[in-house]
Structures are given as structure tokens and as C-alpha cells.
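Student: Okay, here's what each chain looks like letter by letter:
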Amino acid sequence: MIIGGIDIAVLFASLMVGSVPILLAALGETVVERSGVLNLGVEGMMIIGAVSGFIAAVQLDNPVAGFLAGAVCGALFSLIFAALTQGLLANQVATGLALTLFGIGISSLAGQGYNGIKPPATFALPMGPLRDIPFLGPMLFRHDWVVWFSLFMVAAVWFVLNRTRAGLIIRAVGESHEAAHALGYKVNRIRLLCILFGGAMAGMGGAYISLVRVPQWTDNMTNGVGWIALAIVVFASWRPGRVLVGAWLFGGLMVLGPNLQAAGYRIPVEYLSMAPYLITIVVLVVMSSGRRGRATGAPAALGQNFHASR
Amino acid sequence: MLRLEKRPNPSVFWLWATPVLAVALTMVVGGLLFAALGSNPVTVIRTIFWDPLFGANAGYFRAQLLIKAAPLILIAIGLAMGFRAGIWNIGAEGQYIIGAVVGASVGLAVYPTENRLIFPAMVLAGAFGGWAWAMIPAILKTRFNTNEILVSLMLVYVAEAILAKAALGFLRNPEGMGFPGSRNFSSYPAARNFDLIERTGLHWGGVTALAVAVAAYVLLTRHGIGFQIRLAGQAPRAARFHGVSPTRLVVFCLGLTGALAGMAGLFEATGPGGQITENFASGYGFTAIIVAFLGRLNPLGIVLAGFMMALTYVGGSLAESTMNLPAASIQVFQGMLLFFLLGVDVLTNYRVRRPSGAAKGAEA
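Just so you know, the sequences run in chain order A and R. Using my numbering, read the first sequence as starting at 4 and increasing by one per residue. Using my numbering, read the second sequence as starting at 658 and increasing by one per residue.
Calculated directly from the structure, the hints in this document are not laboratory data. You may find that some hints are simply not true.
To be verified - Per the computed footprint, the stretches of chain A lying under chain R, defined by three or more beta-carbons under 8 Å from a beta-carbon of chain R, are:
hint, region
1, 20-32
2, 263-277
Unchecked claim - Just a few of them, taken from the derived set where beta-carbon distance is under 10 Å, the chain A residues facing chain R:
hint, residue
3, PHE15
4, LEU112
5, GLY114
6, ASN118
7, LEU171
8, ILE172
Ideal Cβ placement from N, Cα and C applies to all residues, glycine included.
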């Protein structure tokens, strides 16, 4: 099916691939923020995941090892944030910014000598005859395992947050840490685990950029994707299902540009490169307008540190 | 395990001792990092922190220090006002870029007219450009309650795209034989931000930075709006009862930062930078965040912090050229400094106690 010179199946397929980094990072951040922690270091954790995943994949010649390394290093990196905000009660906004600045620096330090190398390829899952279904085949059944993993994680995060005891505790900590503390939950320990989960997801999302999307290592290659992921969490009103909608919306807008150009539409590069950010702003305005205060669905204790004084 | 006990009031001693402690810790851990990279840590630390001030060619490096410190101080003072009031403008980099582009456009529009009013007009235009760019998150925040952190940051990427458009398109030097970049201001005396005293690095940006620091200090400690800023940050509820208008504060703080960042961009483009190029922005807007915190969000502290951070830039590039240190290691070094600063800040607001001693104290 071709509309206006663009093959819809191919567009949707590239949308699903293009949205994976945002989706993974935004899902992780959703859990972090539901526990009441605002980690603005998503961009930093993603770039760390991108570089460490790339190095591991190239060294071990195995893309799966790359994704694992990205997740582990992302989590380890988020440990800095956890130690500062949960242990030393540092300001979350400032610490998150520091994480991003530090991550960009350390990743370009670590990535020296890896520029211009091609990583081992991540292949599509064998789907047998499903691949060859007209329209649906190229649209849905020629993706690699990470695409399916990210979709599985949407369901998993939704289930854990809304249908399990663990999710109830996470939400309690995020809505009122005083009450959760009074019930005997270890607020800072629960938040620490959520931060690590967020770090792992962001790291894996970063690894997907350097291993599949681009695929190579260049300095500062995440280029704001982590910040867009943060905006998606707001857009989604902190709900995993809506995170998927948001990620696909943005993934679609990001791949629409190159597709339009390929189809022969002449749009200046500058406008294409600023479009995702402008659209993010518009979406943020629409989502936040007219709903002053807490009605946006933000966790009540978001961004506040907890110190048990008694 | 140690235990934290909240101080009734922040410790004045630790308020000023923590930046020093953080710098010392960064030197130690940074030294370990440099050792891991295969350099002699003592030599690297000396190259970064000592040689630019007192080593060979110190005259040149001291001038560089002033050149780098001026934009950092200008931007950080604006940021600090906002941070104090709990308004997080982290898009100063974008405001810096737009200020430079708008200011330079004014100058280049009248090229090659010679008039002594051209440079002041450009400075005003730069301040206006940065102010207008900062008004976008400010108005969205006050009108639609949109998160200013995300909006101001997104606008950095938009500004970078506009900068690319300017360097390759509407500001490109018509006599540049197709090379990207605007006309060079060093060959346009009326619009040039020259050294006020030859070879000291003191240009109008440096003078403005110092004047703004003093003015901001007075504003913050002696003026009504300064009181409102401090009150809104420390006790938002009390501020509401006092009649502080959040809208006014957001517009004031973001606008001030934008105007200062825009001016800094213009001073940089017409002085040390020389022209508008695609990669003219060098991250001052982000480094200024570190400067603001290192200076304890205090205008006079920021002046010291600005020079400290300029030292890591100047010494860093010296270490880069003489010791073959990778350029990114300085960025790591600066990031580390902010981490340590935020970490040791716990000592300002909390006492560290051993639990057994505290328990005894509670019984007594």
C-alpha cells in the first residue's frame, strides 16, 4: 500500500524500529518516576549504554552481549545517581543533569578508537512463512528480537505496576513516602532498585542506537533522545501503555522525514532536524495545559528526597 | 553504618568549605583517572591547575582564562537566580546561540558601515535574542504549566539547527568563496569586541560579567525581588502568603538568564570566536550549570567558580596538547566536580553521626 509515494508497511516497520530506544528508556523512567524519583540523567545513561554496548559487541563479536553490557553499564552508571540522591540526599534535578554531562564526557573518552567500525549485525527473528505475508510480513514480521523485547516490556511494566504487590509498593513510595515509611517499607532501598531498573532500560535503549539504528559509534550520538524519552513519560501521564503510544508517535515522526525525502518531497534538512524537538514541545504544552496541579497524573512525591528523621 | 541528622540551620562553615573539598576530591579522583589513562597524575594536575597561572607563557594563559571565564560567569549568574527560586532553565546553551545569531545579524546587516553605535546595538540585540528565546519556556510555563526543564532543553537542539542554517545560509559570508561561516568580525572594526587593554583578554564581556556579578549580588541581598527569589526557593508556601507572584518570578528569572546568555553569545561571536560558524557553540551554557553550583548560587562565589572552571578549560587544553590527553577527559573532570559538589553538600544540611552515639544522646 503506497500513499503519497510512501510505502505504509515500510514506514510502520521503520517506525517500530526507530521507536525502540525511546520506548525502552521511557519505560524505565516511568518506573523510576512512579517511585517518586526524577532522574534527568536518561540521556547520560543512554550514551553510556550506547558506548559500552558497542564496545562489548565489537570485542566479543556478539550483539546480544552488547545489549547485556549496555543494560549492565547503564544500571551501574545510574548507581552514581542513586548513591547521591538516596544516600547523600542531593538535589535530584541537579544530579540528573550532572549524570548527563558526565556520561557524555566519559562515553567519548571510552569510545576513542571505536569510530568508523561496524558492529556485528543483529538479525531479524526467523518467523518462517509469516515473513512473506503481503503487507503484514514486511510490516510486522521482519524485526529483530529487541523490538519484540521492548513490546514485551510494555506489558511487563504495566502488569508489575498495576497488578502486583511490588507495583503497589512502588506506587505507594512514589505517592507518599512518609506513609510508605510508616508502613515499614524501606523507601530509599525501593527507589534504589527502581533507579537501577531505569538505568538498565536506558542503557539497553542506548545500545540499540549504536548497534542497530545507526549502526556505529560517534561521539554524543544519542543527540537528545534521552530528553525526548523524559518528555514521553510526561506525555504518557506516567502510564506504560501510553508510553508505547508516545514512543510510536515520535518514532513515526522521526522516520517520516527521511521517508518523505526518499519519496521526493523537498524539505530543508534544518527543519527536519528540529522537527522532533518542536513537536515534543507542542505535545508537552497540549498535555500540561488546562490541568494545573496534580491532575496530570504525576506521582505526588516526584522529585522529593526522603530522609527518615525518626 | 553512619547516620544523617538534619541540622536546624545549614552550616555556614560547610557552605563555603564544600566547594573547596569538592575541588580537592576531584583532583584526587581525577588524578587516578589520568593515571589509568597512562599519564603521570601529578604532572597532569599541575599542568591543569598550576601551569596556566604561573608556568611558562602564563601571560597568554591568563588572558585565555579571562576569555573563558567571562561567558561562564555571565550565564551562571542568571542560572543561579532561577535555581534559587526553583526554576530550572537548562537551555542556556540555546539562548547563547540565538543571542549570538541575532546580535551578529544586526551587525552584519549594516556592514560595512562604521558607527560607534553599532556595537552597543548588537549587544542589545543579542540580549534581546536570548531573552526572547528564554521567553518561550517562560510563557509556556506560566500560561500552560509546561515543564520548563524539558522545553528549554529541547530549544537547544532547535537553536543548533537555526545556527547551522545561519552559518550555511542567511549569514554566510558572501565573499567567503562558498565556505560555511559568517564574515569575520575581526575585519569589521565597528562590530568588533576587541581587547580593552591589549593582550589581557579583557573584552566587554569580562567587564559586563564583573558588573553583573556585583549588581546581582546587590539585587539578591538588598532588593525586594532578590528576597522573593530566596523566599520562593526556601519556603514556597510562605512565599505565596507573602504575595510573591510565581508568574513574575518565572518570567524574571528565565528572561534574565536568557538576556545574559544572549549577551555572552554575542561577546563570544564578535570577540574570541570571531564569526558565526556551525560549531560556534562550545557548551558554555551547560558548563555554566556546574559554575552556578560550584559558586553556591551566590553571584560573588560564581565569579570565583567561573575562573576555576575556566582554569580546567585552559589547563585542560594545555594538557591536551603537551601530554596528549584526550579532549573528553576534561569534560569528565568537570562532570566529576559537579558530582562531588552535590555529594559533599550533604555536610551543609546534615550532621553525620554514629548511630550508637545518637541513641545515647536521645536517652539522655
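Student: Now tell me, hint by hint, if it's right for this structure.
Tutor: Hint check:
1. 20-32: violated (count 0)
2. 263-277: With 5 residues closer than 8 Å to chain R, the region 263-277 of chain A meets the three-residue bar; holds.
3. PHE15: violated (26 Å)
4. LEU112: holds (4 Å)
5. GLY114: holds (9 Å)
6. ASN118: Given a least distance of 12 Å, the restraint on A/ASN118 is violated.
7. LEU171: Hint on A/LEU171: violated, closest Cβ of chain R at ~27 Å, above 10 Å.
8. ILE172: violated (23 Å)
Violation of the numbered hints given earlier is confined to hints 1, 3, 6, 7 and 8; the remaining hints are satisfied by the structure.
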